Every structure is written in C-alpha cells, then in structure tokens.
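J.: Could you build all of it, start to finish, from the sequences and the hints given here?
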Amino acid sequence: MKHEPVMEEARPEMRPEAQVIPLNTDAADRLAHDSESLDHKIASALRFVRRRLSGEYEIDEFGFDPELNDRLLLPILRPLYERWFRVEMLGLENVPDDGAALVVGNHSGTLPIDGVMLQVGLHDDHPAHRNLRLLGADLVYQIPVLAHLARKSGHTLACQADAARLLAKGQVVGVFPEGFKGVGKPYSERYKLQRFGRGGFVATALRAQVPIIPCAIVGAEEIYPKIADLKPLARLLGFPYFPVTPTWPLFGALGLVPLPSKWIIAFGEPIPTDEYDPAQADDHMTVFDLTDQVRETIQNMLYDLLRRRGPAFFRV
Amino acid sequence: MSSMRPSASRARASAPARVVLVTGVSRFLGARVADALQADPGIERVIGVDTVPPAMPIGRTEFVRIDIRTPSIAKIINAAEVDTVVHLNLVTMTSAARMKAKEINVIGTMQLLAACQRSSAMRKIVVRSSAAVYGSSGHDPAVFTEDDEPVLPPTSGYAKDAVEVEGYVRGLARRRSDLAVSVLRFANFLGPSVDSPLSRYFHMPVVPTVFGFDPRLQFIHEDDGVEVLRRMAVEDHPGTFNVAGDGVVLLSQALRRAGRSILRLPAPAVQTLGDMGRRFGGLKGFSPELLRWLTYGRVLDTERLAVELSWRPKYSSDEAFADFADSQGLGQSLPLALFDRLTNPPGGRR
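Which chain is which? The protein sequence lines are A and B, in order.
One point on numbering: in my numbering, the residue at position 231 of the first sequence is 231, and numbering is uninterrupted.
Every number in my numbering is 316 more than the matching position in the second sequence, counting from 1.
Beta-carbon label-pair distances, calculated as ranges: (1) A:Gly99 / B:Leu581: 41 to 49 Å; (2) B:Val380 / A:Gln160: 44 to 52 Å; (3) B:Gly528 / A:Asp277: 41 to 49 Å; (4) A:Phe48 / B:Glu480: 45 to 53 Å; (5) A:Gln160 / B:Glu397: 44 to 52 Å; (6) B:Gly528 / A:Gly252: 17 to 25 Å; (7) B:Met415 / A:Arg47: 50 to 58 Å; (8) B:Thr386 / A:Pro144: 42 to 50 Å; (9) B:Ala622 / A:Gly197: 30 to 38 Å; (10) B:Ala622 / A:Asp277: 28 to 36 Å; (11) B:Ala585 / A:Lys41: 37 to 45 Å.
Far from chain A, some chain B residues (derived; all Cβ distances over 12 Å): (12) Gln354; (13) Pro369; (14) Ile423; (15) Ser472; (16) Gly487; (17) Asp591; (18) Arg628; (19) Gly645.
Dumping the calculated SDA-like pairs for lysine to any residue here, alpha-carbon to alpha-carbon at most 20 Å: (20) B:Lys418 / B:Ser472; (21) A:Lys41 / B:Thr659; (22) A:Lys262 / A:Arg315; (23) A:Lys169 / B:Val623; (24) A:Lys41 / B:Asp656; (25) B:Lys630 / A:Glu61; (26) B:Lys630 / A:Asp60; (27) A:Lys192 / A:Asn300; (28) B:Lys416 / B:Gln427; (29) A:Lys169 / B:Asp562; (30) A:Lys169 / A:Asn69; (31) B:Lys630 / A:Glu58; (32) B:Lys418 / B:Ser342; (33) B:Lys391 / B:Ser436; (34) B:Lys476 / B:Arg414; (35) A:Lys41 / B:Asn660; (36) A:Lys169 / B:Gly563; (37) A:Lys41 / A:Leu68; (38) B:Lys418 / B:Arg486; (39) A:Lys41 / B:Phe655; (40) A:Lys41 / B:Leu658.
Derived from the structure by calculation, the hints contain no laboratory data.
As the structure is a prediction and not an experimental result, all values here were calculated from the model.
Ideal Cβ positions, reconstructed from N, Cα and C, are used throughout, including at glycine.
T.: See below:
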C-alpha cells in the first residue's frame, strides 16, 4: 500500500494531449504556424534521410543508434503506446534523472511488447527522457531483423558483463527476471509472478552499487491471451513456445494485432544497494533475500494497480 | 579466455632489444614492422624471414629465405643471438590452400617457439594473434575483454589456428617465465596498403550482406597496428592485449560511407556468392569465419592496452575505414547522389 500516494500525485501529468486541446484559439494564426513548422519538418526529415544514406551517424559499443531510435523506431511505437494501449505511467519520480539504475519488471504478453512500451514511456514521459537499455533473451539476437533493431534501439543480451558495462556508463537498465516463464505463461496465470531466476539481477545491482527500481506493468497480460501452446511446433521452430490465442493462428496475420487493453506502468520506490558490500553479490542468502523482496514488492504493486484499473477493455 | 595478465613485475631491468627476428616479413605487416624497427638506432640487427622474397625493398633488414616449419629457424636464432622475436606469420587468407596455411600457422609457430625455448639469448616474444579467437555469435556479450571466454569458440579456419597458436605461446610462457611474452589480438586491419579478404569484400561491385543482421565492427589502422607492434618489440609489455581502433562501425554504415551498393541476402546465399567470388573473382578467403563476423560482428574492449601503453590508436575504427575507403578509391554512393540531385535540383533554391 505504501506506493499508493505516489500514484495519486503522478496522475495529473499523465495525458499531455488532454491539455493541448483548449489552446485552439486563432485558426489563421495556427495555419500559418503549421505550414512553417511543416516546412521545417520536411527539411529536418530530408537532412535525416541524407545522414542515414551517407552513414553519418554515431553508435555506441552496444550498437545503440540514438538518432534512428528517436526519429524512426520510437515514432513507430508511439501510436501503440498513446492510442492503442493508452499507457499510464505512475511513479516516474522514482527513476533518477541521471545515473545508473536497474529497473526490474514483470514480464507478460506472449510477445515482449511490455519491454518496448516501458522504453517508450521512460523516453517520452520521464522528465529526463531516459533511454531504457533492456537486457533481452539470446533468442532475440538470433532472429534476423529483430537482432539488429534491438541493438539499434539500445538493448543488449541478458548477460552479467553487458549489464555491468551499461550500469558503469550510468544507464538505466531494464530486466525481466521471469524471462520466458513470464512472457509465455498461459492467460489463466495472468498477474502471477513466476520464479525470478537465480537472482542474477540482484547480484549485478549489488556489484554495481545501483538502486533496484521495482516496476509493475498491468495490461500486457491481456494483449495476446495465450490459451494453448503447440509444443511440437515450437520445438520444430526453435521457439520456447508456440502460442494459441483466440485470434492466432485462427485469423492468420490479423491474429497478430494485439488486443487494446488498458495499460498502467508504475515504478516503486528504489531499493538502495549501496548499504551492502559489493562482495555480498556472492552471498546467496543476501541475493535471495533481496530477490524475494523485489518480487513481493512487484506482486503487491500488481494487485494494487489491477484494483485501480478495473476491467481491461472498453475504458479510456 | 585464458589470457595472460600484464604482470606486475615489469620493473625488471629491460635491456633494449638488440637483434630482432621478424617472421612473415614478405607480407605487408611484416615489411612495415621491420621497417619501423630498423629505424630504431638502438636495434643492431633486424632479421626478416619468410618463405617468399619480399615484394618491396626492406632496407637494412637482413632477409633470410626460410620456412619456419623446419628446424632451420633454430639455427638462425642461435647463430644471430636473436633476443626478440616478432611473430607475424599468422596467415589469414586461408581458403586458397587451407592445409598449407594451417601448417604455416600452427606447425610454424611450434617450431619457432621450440627454438625460442632453447635459446639462452632470447628475452622477448611478440605474437600477432587475432580477435577472431573470440569467435562470433548471437550469444556473445556486447564487448569482449581479454579475460572473456568465447561463447562459441571458433571451430575452423585461421581463427582456430590463432586459438591453437595462443595455446602454444601460453605453454612457452609457463616454461620460460623469464621471457616477456606479448600476445596481441588484432581487430581487422584496414588502411591504404591493406589487401585482405575484408578489403576485397569492400571492393566488390555490389556488396552482399546478410539479411536482417547489421554487425558491429571494429578496425585497426595499419599505422596504429605497426606502432603497437613496434612498441611491444622495443619496450616490455608482457600480457595479452586486444588491439582495435576506438568506437564501433556498423557494416551498413561503413558501406554507406564508402558508397557501396548493398545487396541483402540470406546467409547461405552470401556464402555461395563468396564461394563463387573466390573461384572466379579473385576474392580469396571469403571464409565461413568472415561470414560469421559479417553476421554477428564483434567488439573488443581495448582499455588494457591503452592503460599499458598510455597510448590510444590515432585512427578510430571509422577513421581507419575512411582512410582505407579514400585511399583505395571507393566511390560516391548512387542512392546518395540521386538523393542530392532530387533535393537540390540544378538551378533550385540552394
């Protein structure tokens, strides 16, 4: 219950477009302004295309391409975030404006769309527009197209070395400790946190001495309700599961359209790790205790958010 | 990966190198290193060995035509009282005669190291290895440090040779702990005079890339590579070091900067095209390792070298590539020219 006030405070800033509409004053003035800004937009878009064609852009050692991310990848995802899922972000003040932090979230939705929505939210709605660097499954980096788009969008492989390196560079790193157990769980088990692996994320945070920020994502469970799993087909394709949803594979590609559930993403109070000794990262007792604490916090946040949201569909 | 850490006991009185033996002197790297070393007045003799005579004049370097796969290498080392060996014989253009290359790489190194182990005058060995020892796969961490194990170790080609060579070098370092042994894992060389499978790949009229993958690449400029080898030969820096230009370049980015036309194909088709190029187009050494690298890429952490030498490569990865592209005349890209024509019509606004 202790994060309830946090949500109440954060609520008014949630939907920026709601405040933009009343500014509808002088129509002619706005038209002139629009065409000017349209010119400006076209020029800037052309400059962008030219830079892309000539290769004049910078990437970091993980392959993160901030320009491509800001100007192409995020704009593609934004309608999904703003209109389709109407994502509400709560407790953003718990994510620091600068410096490293480890965001730990619940994973769900059959396809890992929760990760990218979390990324869009932290970039668009956080005052410091932070880029979330997710730690993804190996599988992502085997799949053509997805492999390099994930890297260009700032994400990397879930391994200790990469996480430590990103945290040392003062980045916000996101991790879903449930992994495939979480994202691929059947609809009947929605919002029940799965096992949190071996607590590798806690060890990483302890070593790097960065705060752990628990994060609860409500809404992703309903986008592709997984009602069955075609295991032999999954084995054949080398995937961890082959989901059957009410619309997939029944309606073919149409079944890939996620259901428009209402989402809420909330960040809990950071759990500091600097009161521990970095050497305690090798102490299993400490690691398991902290893992359980994070897991319980997220589970409680999920229950609160579910009550707050009410039904998943047909609401704004 | 088992790598030798720079030892703390570096304070040992380092007598400067007097007689230096450079293997693989007839190839561009060997010739350039020999050239850099002979300019050093502290070095009495530079002896270059290779199986073929050098293509370019090598100045005061004494050339000895010898096959390092034979024990005759020991005779030279003893007769000339060689105290420093710079071993640059790793053959990376492998596909032409794979068996021969493997023999030169592995058997040659064994003979050379055996000779070094026996020699009482020997003080220092500098070995050119390759970043290929880390392999290349979708399971790799984003950045490799010298202590990282390869996730999928290389199973063929010169990458595997380099792994074996490093193993023998470590063995020697254990048996002769008085020797200063430096192992350098180089990223791919680029520069005005580089002719390698990679440079030829970039010269293809239409460059095939693997569909859906855009590897992160690093390059080392030939000047920087030579400088690192020179410093290693004249100073004492025992240990294993990654050597690469700063920063990272994506394959697509490099190709666009060099104005190459890109043809995105599934991996098997790229391999087939590479094989055909090898057979008919003089594209020697389009190996499976190169294809893996062009699919998944590889990035090295070069901090250890920078700290050890208090030095950073003059050329970053993208500058090394730019210098290579400019000097070898890779042109302006067609899409870019078209784009500029369309957005700036002659007699237009700008």
